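There are 2 protein chains.
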Amino acid sequence: MAIPSIAAVRKALIAPPGKAFELSGRDTTGREILEDKAEAETSLKKDAAVINELKDMLYAEGRRSLLVILQGMDTAGKSGTIKSVFSETTPLGMEVKAFKAPSSEELARDYLWRVHNAVPRRGNVGIFDRSHYEDVLVVRVRGFAPIEEVEKRYDQINAFEKHLSENGTTVLKFMLNVGYEEQGIRLKERLEEVHKLWKFNPVDLEDRSRWSEFMQAYELAIRRCSTRHAPWYIIPSDSLTRRSALIARIVRGALEDMDLKWKDPGFAPGSFDFG
Amino acid sequence: MAIPSIAAVRKALIAPPGKAFELSGRDTTGREILEDKAEAETSLKKDAAVINELKDMLYAEGRRSLLVILQGMDTAGKSGTIKSVFSETTPLGMEVKAFKAPSSEELARDYLWRVHNAVPRRGNVGIFDRSHYEDVLVVRVRGFAPIEEVEKRYDQINAFEKHLSENGTTVLKFMLNVGYEEQGIRLKERLEEVHKLWKFNPVDLEDRSRWSEFMQAYELAIRRCSTRHAPWYIIPSDSLTRRSALIARIVRGALEDMDLKWKDPGFAPGSFDFG
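Same order as they appear, the protein sequences are chains A and B. Residues in the first sequence are numbered consecutively from 253, following this note's numbering. Residues in the second sequence are numbered consecutively from 253, following this note's numbering.
Read the hints as simulated data drawn from the structure, not as lab findings. Only a predicted model underlies this, so the values are computations on that prediction, with no experimental measurement involved. Please note that a few of the clues may not be correct.
[As the list claims (entries may be wrong)] Dumping the calculated DSS-like pairs for lysine-lysine here, alpha-carbon to alpha-carbon at most 30 Å: (1) Lys298(A) with Lys335(B); (2) Lys352(A) with Lys414(B); (3) Lys515(A) with Lys349(A); (4) Lys352(B) with Lys335(A); (5) Lys335(B) with Lys263(B); (6) Lys352(A) with Lys263(B); (7) Lys352(B) with Lys349(A); (8) Lys352(B) with Lys404(B); (9) Lys451(B) with Lys349(A); (10) Lys298(A) with Lys298(B).
[To be verified] Which chain B residues face chain A? A few, computed with CB under 7 Å, are given here: (11) Ala312; (12) Phe338; (13) Thr342; (14) Pro343; (15) Lys440.
Beta carbons: idealized from backbone N, C-alpha and C, even for Gly.
Generate the whole structure from the sequences, applying the supplied hints.
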């Protein structure tokens, strides 16, 4: 087997805009598209290096930005994705925003206020660890807002993401699709390893007990909000390496599509005196 | 020769709080403290790995933060420092803020407003690429504010940094000390290499033409604002490798001094059901 092309990865993992979408039955292993783990590692390493180069060009250009949105159940690997896909990049020009339960200042505004405030500046790559999708996921499942309000949000989110896209931000959305069994294994690991223990929160188990409700909320969000300007990709996430390798392929593809060039400075070299 | 200890690097490079300080005559090569370049590379690599570990513990703890302030003339290596000292770290939990000319919104408030707004959240490492020191450097040299205003700022800055320090933020300040000749070489390089050209700004030459005024402004800022709670370190920066290796020693030292531990989660493992 060979490393699948960026086009092949996109095609296999996208939730096609405007089409029917079902989450159940989607592969969570990643083996269907990237069987060989050694190849996945090679691919990830190569893509991380290219992403680093292209990110520097994006920064130098300073006109556009890339926003990577990561969503997934606890332990799905949001932090690990950031660490591995961007392992080669300098933190300069990267903006990682982890969205937590909203503060009272944030609750005093509409739910997109804090999100808009956190979009990456031109030239930068922004990563959202969780995002405004929580406002149609956990908020829906736990009833934190009236269902009529939640129902309005899908269109609002599409309008917001279209606005970002039309103003120079490429938006990529990844649903890290981890299996129920695999999550159980990872939660147990968090209790057993001292450097993972801090991540464990007994509240996570309450979300786990509502697994199928969460999956339904994800399915709905993805179906309604996978658009041409901001597509959803469903990433098989039972294997850390395959997960990161697949995301790296798509991130690289998005940066390549920007057709970045080293900027013409607008003056002639050789006309300066360096004393 | 051996890699100098963290204590030795600190002692050699600190501007001792409350004591006389002169910038002129300070070594810009780094050879006096770290002669062997291969050793500098080894030291940098090791320290970057340790910084990565400690940064993860800081993030897990979520109670304190580290703020690294980088100042220096153009080409002194602020971006390069970020890239190399934090080459091993994930962007999660890192906040890099590059301060540019203030916007009209920023100018409508006091000069520390935008700075306070950008301090790292608890658990994070913040890096300032330029900082509020511009308000006593370029602002002083170019007369962007009345001299009486500028004169008040040193005490204001000390009070602000003391406040941060008392509220859980370790503050480290690095002056990247590059020689006049070396800057000339680097500016020329920016014109000759396509991937550096975007960094070149003809305005940089105006700052270069006021080199000695800038050095005086730096000397004054360092003399007045090197404090026990927020010391200034003068980093010889003619060599990229030595510069980064020396900064990495001090950053590592600051993280080690925090005495970070993996947090006790406050509940007994084994009492959970993963269904």
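Structure-based check of all given hints:
With a C-alpha separation of about 19 Å, the suggested pair Lys298(A) and Lys335(B) falls inside the 30 Å cut-off, and the hint holds. Note on Lys352(A) and Lys414(B): the hinted pairing holds, with a Cα-Cα distance of about 29 Å set against a maximum of 30 Å. Distance restraint check for Lys515(A) and Lys349(A): the Cα-Cα separation of roughly 28 Å lies within the 30 Å cut-off, and the hinted pair is therefore satisfied. Restraint check: the Cα-Cα separation between Lys352(B) and Lys335(A) comes to about 28 Å, which is no more than 30 Å; the hinted pair holds.
Annotation: proposed proximity of Lys335(B) to Lys263(B) holds, straight-line Cα distance about 25 Å (limit 30 Å). At roughly 41 Å between alpha-carbon atoms, Lys352(A) and Lys263(B) are farther apart than 30 Å, so this suggested pair is violated. Between Lys352(B) and Lys349(A), the direct Cα distance comes to roughly 21 Å. Compliance with the 30 Å bound is thereby established for this hinted pair. Using a Cα cut-off of 30 Å, the hinted pair Lys352(B) and Lys404(B) holds, with the two alpha carbons roughly 22 Å apart.
Of the supplied pair hints, the one linking Lys451(B) and Lys349(A) holds, its CA atoms being roughly 27 Å apart against a limit of 30 Å. Note on Lys298(A) and Lys298(B): the hinted pairing holds, with a Cα-Cα distance of about 24 Å set against a maximum of 30 Å. Interface hint status for Ala312(B): upheld, as the beta-carbon distance to the closest one in chain A is roughly 4 Å, under 7 Å. Taken as an interface hint, Phe338(B) checks out: its beta carbon lies about 6 Å from the nearest beta carbon of chain A, inside 7 Å.
Below 7 Å, beta-carbon pairs count as interface contacts, and Thr342(B) has one with chain A at about 4 Å; its hint therefore holds. At its closest, the beta carbon of Pro343(B) sits 4 Å from a beta carbon of chain A; the interface hint therefore holds under the 7 Å criterion. Against a cut-off of 7 Å between C-beta atoms, the interface hint on Lys440(B) holds, since the closest Cβ of chain A lies about 6 Å away.
Hint 6 from the list above is the single one not met by this structure.
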